[in-house]
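Q: Given only the sequences and the hints, what does the whole structure look like? Please build it.
Residue numbers (our numbering), protein chains in the order written: chain A, 480 to 754; chain B, 6 to 282.
Don't take every hint at face value.
Cβ pair distances, simulated, as ranges [as the list claims (entries may be wrong)]:
id	chain 1	residue 1	chain 2	residue 2	range
1	A	660	B	107	46 to 56 Å
2	A	634	B	52	42 to 52 Å
3	B	35	A	551	46 to 56 Å
4	A	702	B	107	46 to 56 Å
5	A	577	B	178	50 to 60 Å
6	B	106	A	593	49 to 59 Å
7	B	37	A	738	13 to 23 Å
8	A	577	B	65	27 to 37 Å
None of these hints come from the bench; they were simulated from the model.
All residues carry an ideal CB built from backbone N, CA and C; glycine is no exception.
In case you want the letters, here they are:
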Amino acid sequence: MSRRPGAVPSSVRATVTALWVATVVAACSSTGTTAASSPNSAAASSPSGTEGAITVFAAASLKKTFTELGDTYEKENPGSTVTFNFAGSSDLVTQLIGGAPADVFASADTANMTKATAAGVVAGQPVNFATNTLTIITKPGNPKGIGSFADLNKAGVDVVVCAPQVPCGSAAEKIEAAAGVTLKPVSEENSVTDVLNKVVNGDADAGLVYVTDASAAGDAVTTVGFPESTKVVNTYPIATLTGAAQPASATKFVGLVTGPEGQQVLAAAGFKPAP
Amino acid sequence: MTTAPLVPARRARGRAGTGSGLPGWVFIPAVLGGVFIVLPLVAMLVRVQWSQFWELVTSESSVAALQLSLRTSAVSTLLCVLLGAPMALVLARARFPGLRLARSLVLLPLVLPPVVGGIALLYTFGRQGLLGRSLDVLGLRIAFSTTAVVIAQTFVALPFLVLSLEGSLRTAGRRYEAVAATLGANPTTVLRRVTIPLVLPGLLSGAVLAFARALGEFGATLTFAGSLQGVTRTLPLEIYLQRESDADAAVALSLVLVVVAVLIVLATRGRAGEGSW
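A: Dropping the structure here:
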């Protein structure tokens, strides 16, 4: 074709188009991947120098309860504001170690809090404020008749769990060991929300999520408790941070979470008190 | 957007003394832009733990992810060519009411955030979806299968092939096709012997781009296909998951993906080198 007079310019034009398109891809895909961390940039640009304005980094599973407690805090302390960054605990630790400005960190497991402490971003001693356990969820009405952990391996049951690399998946793995049952999931998701969504959407028959996620989903799922679940308890620690711009306000917020008001909100969402 | 800045640049040719015909100040933002693209890659290279690199990228899960990515991207590219080439032909050559709207719709996956694409696909091919419900009755399950990965990749990559090829078709024009037709060739012969050979470079670069896009697909796959080693966990998903627990492995795998991407870019640019570039 290179003999044809039209071929050369067409290849050039094709490449120009190709490069232009490539630029668009780059722009699009970067938007896609950074979307997850955008709450962080919002948090980072929050006026943490303002009197009473604090930034709280909290595990995604605390979104509902902490948002409510944030409102309570703002009401009890007129003129103060609380900005949240909800994400996976390991993501939050990475951001904190990377220098993200925050006053308080609440993790969904002790491992990530230990990681933050080791990196020197935690001020003082973390306080355990809640625990959470896993539960089985099924489609509303439990059409596949799942009654135990072992039932998840029944033929024709599509089970979705978290990947072992994330806290809910490592908890699931420990339960498998405790129950002596090895699951054959159709998918290992990156977050407990993804597991929940796949069951709510009806693409999976059952999943393993935290009791609090199941409770937040309401009628969209049916919860099936199982005895082995109590063998793996996830503990949530909270701490003020060395980089806190408002250490006094940060301590006050931690006090609200660990105090009776906070415990009541957490209990209503299905969390159990920390031992 | 691409043609507008070209006009003043051409007019300035011969006036300014940079050899390129461009005013010197243009190079400042151009170089800045270049640094902006290259610097993050350098930063990643610096972070790679070379002593463990080979071990990290040849772990069972990494190899499974890379193989799955290459396999699914190849199938998706083939599907993009089979579906996209006729679409580009229709968009470039046919005239019908609603053509502009059709073109805009074809480009939609390009501007949609991938996760939105994934949600849309879920409501189409998922078990409770528009088509998925009927497919489920027939015993065909798409969710959580490798097919779902291919569907997600084809969905996001298709516009790249269509755009690229349509541009080539328009540039090539219809002269040779018209001549062939007056010489008695039927439409299929014209397409086979004239049009396709004429735009083959455009088709190839479009296919390469579609492959690259399929290889990098993340959001739609994660939302729609799930994540299971060897079945649906492609390299980008593996990187995202490894990052949760082992940052070194994630960086090493990212480098593998970058190398593949660079090879792809070189392949496209290499072909352009035959022209006047």
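Q: Hint by hint, note whether the structure agrees.
A: Evaluation of the provided hints:
1. A:660 - B:107: 46 to 56 Å: holds (52 Å)
2. A:634 - B:52: 42 to 52 Å: Between residue 634 of chain A and residue 52 of chain B, where Cβ atoms are some 46 Å apart, the hint holds.
3. B:35 - A:551: 46 to 56 Å: holds (53 Å)
4. A:702 - B:107: 46 to 56 Å: About 47 Å separates the Cβ atoms of residue 702 of chain A and residue 107 of chain B, which means 46 to 56 Å holds.
5. A:577 - B:178: 50 to 60 Å: This hint holds: roughly 53 Å between Cβ atoms.
6. B:106 - A:593: 49 to 59 Å: Holds: the Cβ-Cβ distance is about 56 Å, inside 49 to 59 Å.
7. B:37 - A:738: 13 to 23 Å: This hint is violated: roughly 52 Å between Cβ atoms.
8. A:577 - B:65: 27 to 37 Å: 30 Å Cβ-Cβ, so the 27 to 37 Å window holds.
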